[in-house]
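> Using numbering that gives the first Met the number 0, read the sequence shown as starting at 0 and increasing by one per residue.
Quick caveat, the hints were computed from the structure, so don't treat them as lab data. Mixed in with the good hints there might be a few duds.
[What the hints assert, rightly or not] In silico SDA-like cross-links for lysine to any residue, where the CA-CA straight-line distance does not exceed 25 Å: (1) K34 - S80; (2) K12 - Q63; (3) K5 - N48; (4) K55 - N15; (5) K55 - K88; (6) K55 - E35; (7) K55 - T6; (8) K12 - P31; (9) K88 - G27; (10) K12 - R60; (11) K12 - G27; (12) K5 - P31.
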Amino acid sequence: MNSMEKTNRIENKLLNRVEITFRWQHIGMATPSRKEVMDLVRTLEPGSNPDCIVVKDCNTRFGQPLTTGTAFIYGDVESMSVEPEYIHKRHEQFWSAKAPEAEESSKGGDE
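Let the sequences and hints guide you as you build the complete structure.
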């Protein structure tokens with residue numbers, strides 16, 4: 000039985016995001032990757048943009064098939080600017096290709 004459940008959901012209107020605390024029982028499976036967690040979090044919030052999901056505090060219990068964590072689902076990419084740069088770097092491999100291209104075009108300049 001592999002099931003993810005929301006243990007808490009807070010709508011943070013000031014930061015334009017939904018904060019979800021989750022538990023994932025992954026019996027008979029290896030520790031889930033960050034990508035697998037992000038995909039399942041997306042199913043908990045239908046209609047969410049996969050480029051606006053940030054997974055934090057992901058913890059798997061030693062000897063138990065249980066992972067808990069926190070996910071932030073932002074309303075738009077601009078709202079994600081409150082996240083530290085290392086979080087953006089950690090998640091950019093999971094976001095669509097257009098996000099890194101926009102970053103590269105802003106780096107151009109005095110050549």
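> Please name the hints from earlier in the document that this structure breaks, with their numbers sorted from lowest to highest.
2, 8, 9, 10, 11
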